[in-house]
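**Q** Same order as they appear, the protein sequences are chains A and B. Letter by letter, the first sequence follows residues 8 to 180 in this note's numbering. Letter by letter, the second sequence follows residues 993 to 1193 in this note's numbering.
The set of hints was computed from the structure by calculation and includes no laboratory data. These numbers were taken from a predicted model, which means no experiment stands behind them. Yeah, the Cβ is synthetic: ideal placement off N, Cα and C, and Gly gets one too. The reader is advised that the hints may include incorrect statements.
In silico SDA-like pairs for lysine to any residue, Cα to Cα no more than 25 angstroms straight-line [claimed, not checked]:
id	chain 1	residue 1	chain 2	residue 2
1	A	Lys51	A	Asp33
2	A	Lys55	B	Pro1006
3	A	Lys51	B	Lys1068
4	B	Lys1177	A	Phe104
5	B	Lys1178	A	Lys64
6	B	Lys1183	A	Val120
7	A	Lys55	B	Lys1068
8	B	Lys1068	A	Asn109
9	A	Lys175	A	Glu135
10	B	Lys1183	A	Arg106
11	B	Lys1007	B	Thr1160
12	B	Lys1068	B	His1035
13	B	Lys1068	A	Glu141
14	B	Lys1007	B	Thr1169
15	A	Lys55	B	Arg1131
16	A	Lys55	A	Ala9
So the derived list for chain A, only partly shown, Cβ under 8 angstroms to chain B, looks like this [said to hold, decoys possible]:
id	residue
17	Asp16
18	Pro18
19	His20
20	Pro22
21	Lys91
22	Pro121
23	Asn152
24	Ser155
Here are some chain A residues the structure puts well away from chain B; computed CB gaps all over 10 angstroms [unchecked claim]:
id	residue
25	Phe31
26	Glu38
27	Asp73
28	Glu168
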Amino acid sequence: MAMKLILSDRPFHIPIKNVDSIKFIDLSSLEIANCVGCFGCWTKTPGKCVIRDDAVKIYPDIAKSDTLLYISRLKYGGYDTVMKTMLERAIPVQQAFLRILNGEIHHVQREVVPKKATIIAYGAMDREERDVFEHLVERNAYNMNFESYQVIFSEESQLEETVKNEVKKWEKS
Amino acid sequence: MGKIIILNGSPRAPKSNSRRYAEIFVQHCSCENEYFNILKTNHHELCSRLSGFTDLLFVFPLYADGIPVTLLNFLKTLEQNPPRNKPVVSILINCGFLEYRQNDTAVKMIELFCKQNGYRLGSVLKIGSGESILDTPFRLLAVRQIKKLSASITKAKYRVLQTTMPLTPNMFVKASTSYWINYGKKNGITKEQMESMEIES
Ligand SMILES: Cc1cc2nc3c(=O)[nH]c(=O)nc-3n(C[C@H](O)[C@H](O)[C@H](O)COP(=O)(O)O)c2cc1C
């Protein structure tokens, strides 16, 4: 069965009812080094990153899930370090080879389930930063196999509430 | 006359395409310049050097549609340790895909950094097909734009430039397929192995 995955850049206490199908991962508690751009995951050990830290447990989960929730602080209109580090380490889910999608070049995906993605972003400074982030997620959608997505901007003080509300929707569905 | 500091924000800086682009820039740059790789350990040293330069050129790749973590982390340190005199910030970005426009969001991120921190944005050069263009006859196109970038910064007549291989998407897919097959071959890996659908198993 396809999985529902929550990747967060900070810990939360969210009561999750369907623990069998919903997995919560707090990236900030894990050991994840940054991608060094060696392309080993495409040309040496296809589908596997050569850096054997906690990231290698996460990208298979990203690939398997059909419903995703990413929770990240924003910085300069993009994901802040914790989430961005993980997203860069997730390229083993793609092949080196390219295809045309939406009239543009993108990678061929390995066994990656198409996704409904929700991104909760907090810490935006202004409208312009939110706009840049929306552009980013629109671009991500092509490279990360999002079949649909929604971006929710949250005040940091409201974050836990916002997350709980989204997870509740999953529990109903 | 200005003075340019070139900072390479690729996580594989010493062996990066960004480094090769920076070298071409230096070859065609008529004003004084210095080049550094951004390392995890030299953020503070680089921040303290910036005051002596009129211009800062970030050279980096597109990573997951944005700026690489290596550069992001440096910008965060720079935000905390601003130089007394802020240089004008220019960008030389390259991406693997054919379309140089795929770099636009990352350029906007640097623009936002500049706005939030009181730097002027200078010139921008966006390179598509950046993983391979330098090893093809289209290298000339990249060199031509890098020359223009260098002239624009030197004269403080800042502008936005771009280039890529003049191929259709279909031709680019074919060319890149041979490129990656050869890449794998050097590691003793076949096309079929590279096409594995399996992830971590
Ligand atoms: C983790 C990672 C993510 C990447 N993401 C993108 C991308 O989103 N779009 C793109 O066109 N190229 C992408 N690339 C390709 C690089 O931008 C390209 O290989 C570039 O030439 C690398 O430059 P460098 O050698 O200076 O680091 C990515 C490469 C890596 C390793």
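**Q** A separate judgement is required for each hint: does it hold in the structure or not?
**A** Here is how each hint holds up against the structure:
1. Lys51(A) to Asp33(A): violated, 29 angstroms
2. Lys55(A) to Pro1006(B): Measuring from Cα to Cα gives roughly 24 angstroms; hence the hint holds.
3. Lys51(A) to Lys1068(B): violated, 33 angstroms
4. Lys1177(B) to Phe104(A): holds, 14 angstroms
5. Lys1178(B) to Lys64(A): violated, 28 angstroms
6. Lys1183(B) to Val120(A): holds, 23 angstroms
7. Lys55(A) to Lys1068(B): violated, 30 angstroms
8. Lys1068(B) to Asn109(A): violated, 34 angstroms
9. Lys175(A) to Glu135(A): violated, 30 angstroms
10. Lys1183(B) to Arg106(A): holds, 15 angstroms
11. Lys1007(B) to Thr1160(B): Distance ~29 angstroms between Lys1007(B) and Thr1160(B) Cα, so the pair is violated.
12. Lys1068(B) to His1035(B): holds, 10 angstroms
13. Lys1068(B) to Glu141(A): Answer holds: Lys1068(B) to Glu141(A) is near 21 angstroms, not above 25 angstroms.
14. Lys1007(B) to Thr1169(B): holds, 22 angstroms
15. Lys55(A) to Arg1131(B): violated, 32 angstroms
16. Lys55(A) to Ala9(A): Status holds; Cα separation ~21 angstroms.
17. Asp16: violated, 13 angstroms
18. Pro18: With a minimum Cβ separation of about 21 angstroms from chain B (threshold 8 angstroms), the hint on Pro18(A) is violated.
19. His20: violated, 28 angstroms
20. Pro22: violated, 30 angstroms
21. Lys91: Since chain B brings a Cβ to about 5 angstroms from Lys91(A), closer than 8 angstroms, the hint holds.
22. Pro121: With Cβ-Cβ at 14 angstroms, over 8 angstroms, it is violated.
23. Asn152: Cβ of Asn152(A) sits 12 angstroms from chain B, so the hint is violated.
24. Ser155: Hint violated; Ser155(A) Cβ to chain B Cβ min 18 angstroms, cut 8 angstroms.
25. Phe31: Answer for Phe31(A): holds, closest chain B Cβ roughly 20 angstroms.
26. Glu38: holds, 15 angstroms
27. Asp73: holds, 15 angstroms
28. Glu168: At roughly 27 angstroms from the nearest Cβ of chain B, Glu168(A) sits farther out than 10 angstroms, so the non-interface label holds.
Checked against the numbered hints above, the structure breaks hints 1, 3, 5, 7, 8, 9, 11, 15, 17, 18, 19, 20, 22, 23 and 24 and satisfies the rest.
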